[in-house]
Amino acid sequence: MASRAVVARFFSTEMHHGSVTPPDAIEIDGDEYDARADDVLDNLFDAVDQACEKDGSKISSVDLHDGGVLEVETDNGQTFVINKHEASKLLWYSSPVSGPGYFAPEMKDGKKWWSEALNASVFDQFSRDLREMGSTALPKFRSAEGQQQTFTLEAYAKPQLHAVKLGVFTSRWTLLTTSVCVVGVLSATLPSRFVSNDQNDKHWASFNTITEAVPLFHCGIVGTPVMKLGLSLVDAYCQKKELKVVALYTSAAKPTPVVRQMATALGKYSAVIIYCMQVRSKKVTMVGYSPDGLRKDSPDCSIAAPEGADEKVVEMISTARYADLYDLDDHLHDPSRDIFGYNLAGA
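Here the working numbering is used: the first residue of the sequence shown is 8, the next is one more, and so on.
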């Protein structure tokens with residue numbers, strides 16, 4: 008039995024023996040910690056919820072309480088508790104098998120949600136403890152590493168320039184307004200062996216490098232005819248340039264109905280990721296969501312930007328390189344404004 012409770016329950020997480028934060032843990036701010044911790048708790052809840060329906064799991068119920076507290080009760084009445092620890096920015100873990108433990112969001116060597124004391128991730132330790140209790144149907148977790156996507160400088164910079172031009176963010180990366188929401192598409196170059204394939208094939212290869220960004224909208228409300236026009240123009244452009252749309256980007260904190268509708272339309276041909284631009288630690292982070300806009304694909308940005316890209320974007324903004332970047336809304340007001348003709352390097 009599973010439930011996502013809305014009643015807050017808090018468990019004692021006081022530290023009486025000094026800091027338990029591993030010395031090699033990467034320091035992150037509160038907003039980023041909350042986003043990562045919420046995602047990993049959702050990951051744990053979803054996997055345990057599915058496992059408890061199977062014979063041999065040894066799990067009788069799972070509850071995710073408001074405040075970031077996950078409780079898992081076993082068939083013999085014992086309880087696992089995994090909850091956020093805001094003071095240390097760690098996950099607190101209480102197991103009837105291995106006892107207490109703390110897990111850091113990220114270590115300097117790249118390990119995610121890791122405990123040096125237990126020498127395991129929270130996923131591995133939880134699975135290990137269940138196995139010791141006799142579970143033969145262990146939870147299947149989403150990868151903690153997320154889905155890595157490499158961006159070219161153009162694909163990385165244009166969504167940010169789009170947002171700054173329309174006043175969503177200031178040049179110092181603070182949120183200026185939520186009344187304007189920019190939306191665009193991200194595409195990747197097709198491998199030569201797929202160029203001649205049927206574009207209705209949903210089993211195309213996964214594309215690891217996003218090469219281009221096309222800005223489409225900056226209005227909160229986008230009518231269906233305009234949306235179809237935008238997607239048809241992008242489709243024609245991609246066919247000509249041998250590109251494939253693999254993602255959408257938006258400046259909204261979470262995917263809006265318009266973005267989800269676009270993802271659904273594109274999903275008839277192949278799955279797309281929705282990247283939401285969020286400001287963290289004084290820079291823009293791309294947070295990936297599933298096509299339905301309801302689940303994060305990864306606990307953090309899970310993209311690989313070109314070396315020095317953030318500094319180059321700041322330089323572009325300082326020289327107003329966004330001035331001649333236009334989206335479809337601009338084009339509909341003035342047909343001379345080309346949404347595909349923007350030159351990142353300048354005229």
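Treat the hints as calculated values from the structure; they're not laboratory data.
Glycine included, C-beta positions come from ideal geometry on N, C-alpha and C.
Hints may be right or wrong, so weigh each one.
Mimicking DSSO-like on lysine-lysine, the simulated pairs with C-alpha atoms at most 30 Å apart in a straight line are [said to hold, decoys possible]: (1) LYS115 / LYS147; (2) LYS65 / LYS118; (3) LYS65 / LYS115; (4) LYS147 / LYS65; (5) LYS96 / LYS247; (6) LYS61 / LYS96; (7) LYS118 / LYS147; (8) LYS319 / LYS248; (9) LYS261 / LYS115; (10) LYS115 / LYS61; (11) LYS147 / LYS61; (12) LYS248 / LYS235; (13) LYS235 / LYS247; (14) LYS115 / LYS96; (15) LYS147 / LYS235; (16) LYS115 / LYS319; (17) LYS118 / LYS319; (18) LYS118 / LYS248; (19) LYS235 / LYS261.
What follows is a list of derived Cβ distance ranges for each label pair [to be verified]: (20) LYS247 / LYS61: 45 to 55 Å; (21) GLN268 / ASP41: 42 to 52 Å; (22) SER297 / ASP41: 17 to 27 Å; (23) GLY74 / SER325: 35 to 45 Å; (24) GLY274 / ILE33: 28 to 38 Å; (25) SER297 / ASN126: 44 to 54 Å; (26) ALA327 / GLY274: 45 to 55 Å; (27) VAL321 / ALA260: 14 to 24 Å; (28) ALA260 / SER325: 22 to 32 Å.
Do the hints match the structure? See the list:
1. LYS115 / LYS147: Holds: LYS115 and LYS147 sit about 26 Å apart, inside 30 Å.
2. LYS65 / LYS118: holds (28 Å)
3. LYS65 / LYS115: violated (35 Å)
4. LYS147 / LYS65: Cα-Cα ~15 Å, so holds.
5. LYS96 / LYS247: violated (48 Å)
6. LYS61 / LYS96: Violated, because 33 Å separates the two Cα atoms, which is more than 30 Å.
7. LYS118 / LYS147: holds (19 Å)
8. LYS319 / LYS248: This hinted pair holds, its Cα atoms lying about 26 Å apart.
9. LYS261 / LYS115: This hinted pair holds, its Cα atoms lying about 29 Å apart.
10. LYS115 / LYS61: The given pair, whose Cα atoms are some 37 Å apart, is violated under the 30 Å limit.
11. LYS147 / LYS61: holds (12 Å)
12. LYS248 / LYS235: Since the Cα atoms of LYS248 and LYS235 sit roughly 20 Å apart, the hinted pair holds (cutoff 30 Å).
13. LYS235 / LYS247: With a Cα-Cα distance of about 18 Å, the restraint between LYS235 and LYS247 holds, given a limit of 30 Å.
14. LYS115 / LYS96: Roughly 16 Å separates the two Cα atoms, so the pair holds.
15. LYS147 / LYS235: violated (38 Å)
16. LYS115 / LYS319: holds (25 Å)
17. LYS118 / LYS319: Holds - the C-alpha atoms of LYS319 and LYS118 are around 29 Å apart, at most 30 Å.
18. LYS118 / LYS248: violated (38 Å)
19. LYS235 / LYS261: holds (22 Å)
20. LYS247 / LYS61: 45 to 55 Å: holds (49 Å)
21. GLN268 / ASP41: 42 to 52 Å: violated (28 Å)
22. SER297 / ASP41: 17 to 27 Å: The hint (17 to 27 Å, Cβ to Cβ) holds, given that SER297 and ASP41 are roughly 20 Å apart.
23. GLY74 / SER325: 35 to 45 Å: holds (42 Å)
24. GLY274 / ILE33: 28 to 38 Å: holds (34 Å)
25. SER297 / ASN126: 44 to 54 Å: violated (32 Å)
26. ALA327 / GLY274: 45 to 55 Å: At roughly 36 Å between Cβ atoms, GLY274 and ALA327 fall outside 45 to 55 Å, so the hint is violated.
27. VAL321 / ALA260: 14 to 24 Å: holds (22 Å)
28. ALA260 / SER325: 22 to 32 Å: holds (26 Å)
The structure is inconsistent with the numbered hints 3, 5, 6, 10, 15, 18, 21, 25, 26, although it conforms to all the rest.
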